[in-house]
Amino acid sequence: MNLTRAAVRPAPASVSQRDRSLARVAAWTIEQGVAVDEMVETIRRAVVVALLESRSPGLDHPELADLTPVPRDIAEDLGRAFRDVEIGELAQRLLEWEVRDASSDIREIPLAETGLPLVLAPAQTARRNRGAYFTPVPLVQALVQRALAPWQDDPAALSTLTILDPACGDGRFLVEVARQIWLRLEGPGSPDPTLRRRVIDRCLFGIDNDPLCVCQARAALWQAAGLPGEPPEGLLAHLVTADGLLDETPGEESRFDLVIGNPPFGSFSGRGALPLDPLLKQRYLEAWGGSGWETLHGMFLKRALELANHTLALVLPTQVTHLEGYAELRTAVTDSMSLHEVEDHGEAVFRGEAVAPVVTLIARRDRAGAASWVETKLPEWVRGVRSRGESLGRLVGDPGVHTGNCARRLVVDIDDGEFDDGDCVGVLEGRQVHRYRCEPPARKLRLDYEAGEGEYFTIRPLETYRRARFVIRQTARFPIVGPKHTTEYFRNSLLALFEPDNGYDIRYLVGLLNSRLLRYLYTTAVRESDQASFPQVKVGSLRDLPIIWPDLDDLQQRGAYEAIVAGVGRLLELHRVVDCLTHFGGDDSPPSQEFLQLEEHIDECVMLIYGLDQAAREDVYSSERGR
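Quick note: the sequence shown uses the working numbering, first residue 1, plus one each step.
Between beta-carbon pairs, the in silico distance windows are:
1) 454 to 85: 34 to 42 Å
2) 336 to 422: 52 to 60 Å
3) 62 to 464: 48 to 56 Å
4) 387 to 621: 18 to 26 Å
5) 62 to 138: 32 to 40 Å
In short, the hints are calculated from the structure, not lab data. Note that CB positions come from ideal geometry on N, CA and C, so glycine has one too.
All chains, please: the whole structure from these sequences, using the hints.
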């Protein structure tokens with residue numbers, strides 16, 4: 001960032017008072033000498049602390065003792081600008097901003113007070129990396145109500161419940177639990193101060209690794225109580241800053257009547273891997289690792305199973321309910337508890353944010369639950385195909401270059417002349433790969449890069465990449481397979497398709513995976529394929545696809561097989577010719593009719609080999625028409 005003083009364009013008239021207040025905080029952070037990579041968090045803390053102190057004066061927060069408060073005039077400005085805004089929602093939105101050099105983006109807020117050409121501008125990376133998407137209030141209210149159902153008619157039991165949220169965020173689940181208990185136990189008229197204090201002091205427990213969130217949770221709970229005087233000791237003792245997976249739970253409880261919440265979502269591997277510290281990641285794996293797919297939400301579910309004495313009620317990604325990688329986890333739940341609710345809420349819960357579709361799960365330590373894991377209803381012929389098909393097994397893999405926390409230094413633009421091309425090679429990314437074709441790489445990989453302290457990445461031996469003649473896009477609703485002919489190396493936004501060792505031509509597999517039938521089988525079986533934001537094709541989902549190898553002694557099947565291999569070969573050739581013509585300025589209009597005819601013929605041959613009758617074929621084609 002260039003901090004040279006220069007003329008700063010004035011703030012546009014459209015900048016709101018709230019934006020101006022945030023700009024003042026950002027300017028103050030610069031005056032304090034805050035490092036560029038710490039500005040977002042510093043701004044967030046400064047704003048949240050100022051609002052907490054204005055709305056809950058006298059409420060003790062030991063975690064904030066060492067923080068430098070913003071000047072009084074800025075704090076008062078913030079209080080006026082955001083007086084009607086929920087602090088938790090604001091804290092999330094603040095993660096969507098960054099300080100950077102000014103450009104022409106109309107969404108930028110000039111930091112005029114600094115005298116520098118700097119702005120506050122939108123950037124969603126920080127929020128996405130932290131998984132900072134708190135649960136909408138309507139979903140919180142509904143889940144709490146159903147989770148508390150066993151105690152609704154037993155006031156004595158309701159007043160002595162112990163409830164834990166192991167990733168409490170801004171405390172919205174605990175606040176709603178408290179409200180519903182108070183509502184049930186208080187008579188008409190004024191609140192019962194003794195009851196409300198007792199519930200806070202004895203019933204509610206929360207953990208979060210973000211101290212700012214814990215402070216918000218305390219403030220929200222005490223405000224909800226609406227009581228005068230000093231808060232009970234339990235407010236500080238039972239809502240604590242800690243790691244919900246590794247640290248002891250607060251209070252004297254080892255198990256809780258109800259464990260409830262929305263744990264953070266995130267995988268430990270793949271393109272969307274969490275940017276975790278390697279040592280912390282290792283501690284998580286040592287404590288909670290298993291043979292399945294390692295995810296943060298999966299580990300929190302395991303932890304909840306240990307802590308829940310009666311009921312657990314969690315918001316989870318829908319993939320937990322059906323992907324093979326979670327099979328062990330699902331078994332762990334049903335071995336010790338019964339399912340009372342598995343409700344699919346789709347991907348609209350988080351108001352269009354780029355997060356996974358979700359379900360709410362309620363399980364209890366009884367045998368009265370009649371719910372089941374989410375299952376997709378499939379036509380009978382699909383079950384027959386699945387019973388006859390084989391798994392791709394190790395014919396698909398995930399060996400792509402994992403850039404770890406070195407992406408910006410390890411992978412650079414292809415025309416970046418700063419780095420010696422002798423030490424760089426082209427590297428494919430998902431966006432370069434299409435059905436039957438592959439664009440030239442737009443980025444290059446620095447093979448000479450050495451990881452510094454705290455850095456990590458993975459580049460496998462060249463032979464591993466050479467084994468993969470074809471690659472499969474990961475960010476897609478269904479498999480998209482293209483040739484890897486423009487370079488050897490590819491990133492982990494692509495999966496590898498390896499040569500079969502059973503004598504069959506790999507082009508047969510390419511034709512299958514790009515066909516209408518396999519697309520239908522994938523999208524009807526894998527629920528993530530329907531999400532609008534960043535659908536992912538996973539290795540496990542691909543391996544679950546039924547692969548039928550044709551009987552080459554059967555003349556009809558052999559003919560269909562040879563037609564698929566020849567058709568794929570012709571499509572690959574046509575695409576390379578078109579790409580070459582385009583590169584050299586020739587006719588860039590593809591022979592679309594021939595492409596279409598070849599793909600349709602491949603589709604028909606695939607359905608013949610799979611033994612589909614006319615009704616089954618209509619299922620496949622009608623599904624395509626409905627997209």
